[in-house]
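Chain order of the listed sequences is A and B.
Under the working numbering, the very last position in the first sequence is 873; numbers go up by exactly one each time.
Under the working numbering, the very last position in the second sequence is 372; numbers go up by exactly one each time.
Worth flagging that the hints you see were computed from the coordinates, not collected in a lab.
Idealized CB from N, CA, C, for every residue including glycine.
Please note that the accuracy of each hint is not assured.
Okay, the calculated beta carbon distance ranges per label pair [claimed, not checked]:
#1 D136/B x N641/A: 43 to 49 Å
#2 T197/B x L795/A: 46 to 52 Å
#3 T197/B x G601/A: 44 to 50 Å
#4 I793/A x T197/B: 22 to 28 Å
#5 A712/A x A204/B: 55 to 61 Å
#6 F784/A x G356/B: 43 to 49 Å
#7 D136/B x V872/A: 16 to 22 Å
#8 R742/A x R141/B: 20 to 26 Å
#9 V872/A x R170/B: 33 to 39 Å
#10 T494/A x T197/B: 18 to 24 Å
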Amino acid sequence: MTRRRLALVGAVLLVAACVERLAAPGNCPDFCPSGQITVVDTLLTSSIHRDSSYRGYVLAYQSPLMLATHLPGATDTLDGRPVFRINGFGPRFRISVTDTTSGPILGADSARLQVTLVRRDTATHNVRLQLYRLPITIDTGTTFGALVGPFTDSLVRTVNIDTLLAQPGRKDAVTGDSVVVDSINQRLVLSLKLDTAAARYVPTDSGTVAYGIRMAANTPASTAFGKGTLLSLQWYLRVDSVGTSVARTPTVLYAALATFVFAPPAAPIDSTLAVGGVPSAHSLLRVTVPKAIRDSSQIIRATLFLVPAVPARGAPADSFVIEARTIFADFGAKSPINLLLGDTVMIHPGATDTVKLEVTNLLQFWTADSTRPTVLVLRPEREAQFFGEIRFYPSVATAFRPTLQITFVRRFPFGVP
Amino acid sequence: MTHRTRWLIAVLIVGPALTGGAMAAAQDSQFGIRGLGTPGRWESVRSRSTGGAFGPFDPLSPLMEAPLADLGQLTATAAGYTSNRDGIVGGTTTPLRTTRFPLMGVAGPVAPRLALAVGFTTYLDRSWDVILRDSFMLRGVLERYSDAIASDGSVADVRFAAASRLSRRIAIGAGLHLLAGSTRETAERRFDDSTFSRVQQAAEVRYDGFGVSGSVLIGVAPGLTIAGWARSDNRLRAKVADTISAVTDLPRMAGGGILFAPSPNARVAASVAWRSWSRAGAGAFDTWNWSAGMEFGSRRMPIRLGGRGGQMPFGPGTKAPTEVAGSLGTGRAFAQGRAFIDVGLERLERRGGGLTERVWTVLVGLTVRP
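Could you put the whole structure together from the sequences, leaning on the hints where they help?
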């Protein structure tokens, strides 16, 4: 009986011990701890140094998009044109799927080219796509200048997107073109019917064809075309089967080369800090964080202030994002970038306002691990997917140099009554 | 079971508790937030049920050592309590609740004229949690934030005591006090503006100190006993990650009491204590505390009543906060007198600096004589 009572008392004590409510509203300063959380805000004007820019990280052919742009400027026009090459089936094609007998390809009745606009400015109207036949010798090194001739005299088709969208069922009964609006992915899938003249299957060239797209509109225009499976060609071939011409529909072909050419080329790197453009440019900023902040404080906000040296370049509708990242080791232009942490800011072409980039994550990362190099890399979030580029004043421009505003909290005076 | 074996078992039971100061905690109070903490009450449930008046005469209360000399056999004791506290400031009442186990100890005779004791009690409770809502200008914008500053833990008084009855009238005792403990402290700030990261800092603060005490019991006449005690603690050293963050002088203390037992079923006692807490620095005050109480009825199931009053050592302003309490309790012997359960109820009110605290405390104590 006694044991039972003792157990009961013990159980009551244990249950009671689990309930705790200590939080009380502070009535300061009389009934608050003497120590307080001390927040300090400081502007580091000379903590960024040895900054530099490099270009060439992602080239046009490495971009996942093909940029088509027509942007008249004050002195020149930014003109971007997708170009692609689709390899053919060769001079012969299998007659039947049941045996390996093949016959020479006589030519093509027609073909259907499918291109996908993955980004477009819906405010731009009367957008016309002009399809040009290009030499099949185009490659990743082909320049805008090398294709001036074909882009002048080899027009094979012109498609007005607005007109096509206005057609019943979004199909043009005359040309055979159609468009599908993918409202989920915000894409337009254009299916262009190419006749024998536009889609020449030349067996001696193994059926390889190359095309280029030039864009025109009432206002400055900028679009981006997809690559990979978003660009395809369906041939409708005629094959010689023991003297008889038979029709064959082979599998869909995708581009062996898909890139874009543009003019004028990106301005060379100078003393400013360039970010973006094609080929993409990065800027490295080496930061010295004061020891007092780095070693014994908690950074709660850090903002990088960058003053544009010139208005941001690019299509007005193509605002682009630049990001700040840190690196694993400082090897200059080839520093391996740490992709785990990053902070971003939107850049609006034409704007000259000071850019404020929150880099709290990165500075907190540095304070957590003092072995990390305190280097910021500024780069476009989507490299070579926009022509947009911004240039900031470097650290040598004393009046407009990059600055860092850090808000930090000093170590709380724990243990002090 | 031999005498030595009983001691060994008792020490094994109590010993683990002595290694962790954070286990011990006592009555917390908002008055202790700005100071060193809330001093513990070095009393068993029996003594506390009499307002603390029986503390100088109770061998199981760690206030004095001399009563240990009259402990006839090995005894282990522990206490726990739950407090429901209302903190009232400016008409706003905040209900708070805590549960603590502030006392554990074992004592017994080791020689015909020598008794030893070891145990711990709460020296300072440092458990509190303060929530603040405020704003300030930051980067040219009024930023609103919420602070939560908390401390969880206490400083324990680990006592090694010895007592001897020199004669039928006089018993003396001395104690060695190791002050040890730790608090887990956190400071957190959340800004309404999420562009500012949450401030979150934490540290474990470890405390140490040392003290000595001595006491005497004098039988003045049959049924009338007086007691006196004194204690001196050196300083409380706070360390954060092996760096000393604060060194605070601790008080010297003295007190006395009188016990009158006109019959075996009636006992009346009173006590007084002085502590020089002002040594701890600004915002600390010397304190006087008094208590009076009685216990009547058989020892198997007595009734206890008491009251106490005095001052709190830490508070705002130039005047020490005051406290007054009334208590009652009883006890019950089990297992042919080898086990006792004591229960008590205390109502306490503290006032000072615009803050009033009203506390109901339920006390439970367990004493075992193996």
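Going down the list of hints, with the structure as the test:
Taking 43 to 49 Å as the suggested C-beta distance range, the pair D136/B and N641/A conforms, at roughly 48 Å. For T197/B and L795/A, the Cβ-Cβ distance of about 23 Å falls outside the hinted range of 46 to 52 Å, so the restraint is violated. At roughly 47 Å, the beta-carbon separation of T197/B and G601/A lies within the given 44 to 50 Å, and the hint holds. Look at I793/A against T197/B: about 24 Å separates their beta carbons, and that is inside 22 to 28 Å.
Look at A712/A against A204/B: about 59 Å separates their beta carbons, and that is inside 55 to 61 Å. The hint said 43 to 49 Å for the Cβ distance between F784/A and G356/B, and at roughly 57 Å that hint is violated. The hinted range of 16 to 22 Å is satisfied by D136/B and V872/A, whose Cβ atoms lie roughly 21 Å apart. Distance hint for R742/A and R141/B: a CB-CB separation of about 25 Å, consistent with the stated range 20 to 26 Å.
As the Cβ distance of V872/A to R170/B is approximately 51 Å, the hint placing it in 33 to 39 Å is violated. Between T494/A and T197/B the Cβ separation comes to about 19 Å, which falls inside the hinted range of 18 to 24 Å.
Violation of the numbered hints given earlier is confined to hints 2, 6 and 9; the remaining hints are satisfied by the structure.
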